[in-house]
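Mind docking chain L on chain G? Use the hints.
One letter stands for each residue in the lines below.
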Amino acid sequence: MSDSSRDQILNRLHAAIGEQPQVIPEPADLPQESLDRSQKIEKLKVLMEAVRTEVHVIENQDWTTVLKDILKKRDLRTLLYAPGTPVGDRLQEAWMQESDELPELVTYDGDIEDFKEHLFGIDAAVTSTVGGIAETGAVILWPDEKEPRLMSLVPPIHIAVLQADKIHSTFSEAIEAENWAQRLPTNVVLISGPSKTADIELTLAFGVHGPKELIVLILHENR
Amino acid sequence: MPNDTGPNFQQNASRALDDQQLRKNFKFAMGNFILKRKQIFSDESETEQLRQIGNTIKQRALSQLPQLLERLEQNCSRNGIRVHWAETTAEANQQVLRIMNANEANRLVKGKSMVSEEMGLNEFLQERKIEVVETDLGEFIIQLNDEKPSHIIVPAIHKNKQQIADIFHQKLPDTPYTEDVEELNAIARRTLRQKFYRAQVGLSGVNFAVAETGTLCLVENEGNGRMSTTVPPIHIAVMGLEKVVERLADIPPMLRLLTGSATGQLITTYVNMITSPRKPGEKDGPKEVHLIILDNGRSAILSDPQLRQTLQCIRCGTCLNHCPVYTRIGGHAYGFVYPGPIGKILNPQIEGLKKAGELATASSLCEACAEVCPVKIPIPQLLRRLRNESYTSEHLATVKDGGCKKNLMETIAWKGWEIINTHPQINAIGNKIMSRLGARLPRIGPLKQWTRYRTAPKLAPKSLHQLVDEEGIRHE
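Just so you know, the protein sequences line up as chains G and L, in that order.
So the first sequence is residues 1 to 223, counted in our numbering.
So the second sequence is residues 1001 to 1476, counted in our numbering.
Just chain L, same shape as in the assembly:
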């Protein structure tokens, strides 16, 4: 977890860039994802139409978010799903703990959930002597090695099979070293089946919650999500409050956008729609289903009409796959739960600009993320906005820690720039000084940073103005 000043992004990024294995793993995987997405969205105009629908569905949902959440709560309650609200991640963790304690439960299996990562749920429960087992294969691998996900969809993508073989061999009892992927899968299946069998509580995320029917939709390929939400007697689902959609009819287009963008699939192996706990007469399924709705800064994001678009995100991860920065440094370098372009706009708003504002600068603004986003979030625009927010005056700021980078030196520098450029005489003197310096510009302050990877600019001895005065304009 990052400390108060936030992780050292520059240092993390440099270290990641020096790691050849890591770069190879990401380059291969991201290239593959880009190709697969392209194959599934081969018809450009149809894709554009679909993205527009996705954008409208999410914008509509956000424009009536409190009403939809109340409706979701009402319908879930009617169906027998118990709804809890959490302002903070700490409160959400307590709610999970309370449900576990009320049932004297100390073994929990987890389907993949980014919100639970945001909560730091694993550490929280483990400190309280509760066994927490990640059951998504990728999450299971990194949990064994005590790491965090490096990608929203494929959390262990930074590891190659030799590294995974090592982890299994060392961390799982009686496991021989094998690089055979089928065999590695079989090992995980054997180990985790026991965990599903014995767990008292299953925890999952939510991809979409349908207000109209009170239904929780989960998509997955492995079946661990269905296991976690069906075998244990209690199911707890955690969701960010932006995951609600209005109608059941919204699900088919959202589903196509999600699976196509995330993994280049027409549909995942399983689409699991949960509307109630086990009813009388039914033989399986959890007897209790709980839904925890988490805010953690999201309601503040909603209040800004431009930044609100951040909440349209469906966590498909395609902006990561297409990002030239992410592809080179991987997910860990960002130092926050959500990496890549979406992380660069989400973390600063949740954690504040002081802690996470630097992320917004880790972009070349190439626009690749905006071009592929299934719900058309204008990520580069929001990045510019967040950069500005860091330097704005505090009383104008709408984001947490707004204006935190505003400082006297920079204010003076810009004021000076303004004076020079609005007064021709001063400008002329300035130009003269600069041209004398030529290539000997002192590399201090911002220029030092700038010239780390770039050639320093050479200033011409005479300005264009001067040359035109002396030689006139040549018409060649």
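Pulled out of the complex, with its shape left as it was, chain G reads as follows:
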């Protein structure tokens, strides 16, 4: 039944546009602003802070030290992380050195079907990012086997680690520079801030379904 629907719809569409469809020229390119690295960091920071993201630019310092300070200010029991990634391995190392008053590190153990109950009880998660977008203020995540999709969604606090040199001026630039069209993974997500809604009288409220807090650590090697 569905196959015939397919053919009928396509036949009608072919008939509708005719034998010689109108030729519409290519769209113009978006005006692009090219920013240097410090401008990109600044713009991303300002825009993400405007939608209540906590942004830390970390220059020539161990980011895990900064993260530990951030976590100590909050009363958290568990921190989800991804071993086998540069971010996860560094985190593990830092916790082995010192983990007093810090949340316990936990891993995404098994498939969601087995891990769901545990996942919905976790307090915070740390993930890496593949880049950022200065123009609109957002980080880009490509979840994979090691860093599953729900890490950045279910726990109430999401901490994202971003390399400063991976920040692109615009979204278009990111797509082109990294050749996205040829290699899109299962899921890509751009995140600009904590989950929010304005569905009740346009009053802004945070943490309606996803994380209530988004914390971005920008690692900026100043050399």
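Just so you know, the hints here were simulated from the structure itself, not pulled from any lab data.
Cβ atoms here follow ideal geometry from the backbone N, Cα and C, with glycine treated the same way.
Warning: the hint list may mix true and false statements.
[Unchecked claim] Just some of the chain L residues that point at chain G, by a computed CB distance under 10 Å: (1) L1062; (2) S1063; (3) E1139; (4) K1171; (5) L1172; (6) T1175; (7) N1185; (8) D1250.
[Unchecked claim] Using 16 Å as the maximum straight-line C-alpha spacing, the simulated EDC-like pairs for lysine to aspartate or glutamate come out as follows: (9) L/K1287 / G/E201; (10) L/K1027 / G/E201; (11) L/K1279 / G/D111; (12) L/K1038 / L/E1048; (13) L/K1376 / L/D1166.
Using the frame of chain G, we list chain L on its own:
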């Protein structure tokens, strides 16, 4: 759902105009949206450039729509997304049901989707004992109260927080009355997290489908869309067939136009791009992703080069926000799934002029919608066209029920008008009769409608012609 003759728009509009609370809610919200859009699109020439790009991208996509849809299908299938085609909303509903039954599923969570509203999916599934939960906060509120969305983007905007507090208190077990918005949000979060946790199927709409890569793009602020498309083991996406774009590079400008126009945001909290179901080794995400491509009258719209522009719409809702009619009567008065200016051109073409043609008359043709439309749909032009279609001869009509308002009385009246105005002697006699009547014009027929809210015209005792003949032209 409207019946065969369609909803009574006049009556609905009058009732809405008398509802002071409703008018206050809409006036406040729409004013706010207009301001926020203006702030984000502050550079006029840049905005114009961007709108031109949006217009070109959508026109290009429509000019090769069948090829792009085939390419989308091919690439989705290659990525593991199963594609289904539905001629009608009934067929699309059956496809959802079949997927649910095949997986013995009876609990579904929904991200916001206007196409699913068009399908009447909630009612359809509920009648078949399937639990359907709207998870967008606004949709959740109105679902609890058994209502329909009154706005494409903010579906519960007709409710104020007292009304919402009442609904939560009455409809959700063990919920105390609170007007605190943070608290209301927390209640929804608690309730809906349980639903995400337990659901076997998540359903969503699609903002853009990329033919080049077979990718479905969804934008949102709440995270309920990501939840619905990631936590349950099965994801079903429904889209109108006009949602396809050619290339991935089309997404950044379309995204800026959509979020800027809809909510005055540079970008939403989340932009979610789905290209495949869970791959071996991946720990989460749905194991099955289905895409249902719905026609429901859209292919017929494509065949008319002027009306085709209706299909450029990206459902941002900004034409609603800027419409003086919508702002005063709200979304429900229209009586159809799509309210406001876009609804006035879309519903008559999908549902037919008999049922929905009256909507095209609910406009002062002020052009505000055309000025702000991110893809430059000339809505007022299309409104005029649809008005004409109602009165055209049936054999010339291109829209469903074309010519449905054409009637003998009106044909005679216009023929008479033509004769009077092409024959000076008859015209002179007519003028004489009219001037005798003066202010005592009988208020019947169209004049009765016209004078409901307007002063009746007073006819001068003498015509301009006569005055010039008698007194000459005064040069003062």
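Here is what the structure says about each hint:
1. At a threshold of 10 Å, the smallest CB-CB gap from L/L1062 to chain G is about 8 Å, leaving the interface hint in force.
2. Hint status for L/S1063 relative to chain G: holds, with the closest Cβ pair at about 5 Å, below 10 Å.
3. Because the beta carbon of L/E1139 sits about 8 Å from the nearest beta carbon in chain G, less than 10 Å, this interface hint is met.
4. Because the beta carbon of L/K1171 sits about 15 Å from the nearest beta carbon in chain G, more than 10 Å, this interface hint is broken.
5. Interface restraint check for L/L1172: the shortest CB-CB distance to chain G comes to about 15 Å, outside 10 Å, so the restraint is violated.
6. A cut of 10 Å between beta carbons decides the hint on L/T1175: the least distance to chain G is about 15 Å, and the hint is violated.
7. Taking 10 Å as the C-beta cut-off, the interface hint given for L/N1185 holds, the closest approach to chain G being about 4 Å.
8. With 10 Å as the threshold, the beta carbon of L/D1250 comes within range of chain G, its nearest partner Cβ sitting at about 7 Å, so the hint holds.
9. Distance hint between L/K1287 and G/E201 is unfulfilled; the C-alpha atoms sit about 38 Å from each other, more than 16 Å.
10. Taken as a hint, the L/K1027 and G/E201 pair is honoured in the structure, with Cα atoms around 11 Å apart against an allowance of 16 Å.
11. A threshold of 16 Å between alpha carbons decides the hint, and for L/K1279 with G/D111 the separation of about 12 Å falls inside it, so the pair holds.
12. Only pairs whose Cα atoms come within 16 Å are accepted, and L/K1038 paired with L/E1048 is accepted, the gap being roughly 13 Å.
13. For the hint pairing L/K1376 with L/D1166, the CA-to-CA distance comes to about 41 Å; that exceeds 16 Å, so the pair is violated.
Hints 4, 5, 6, 9, 13 from the earlier list are contradicted by this structure; the remaining hints agree with it.
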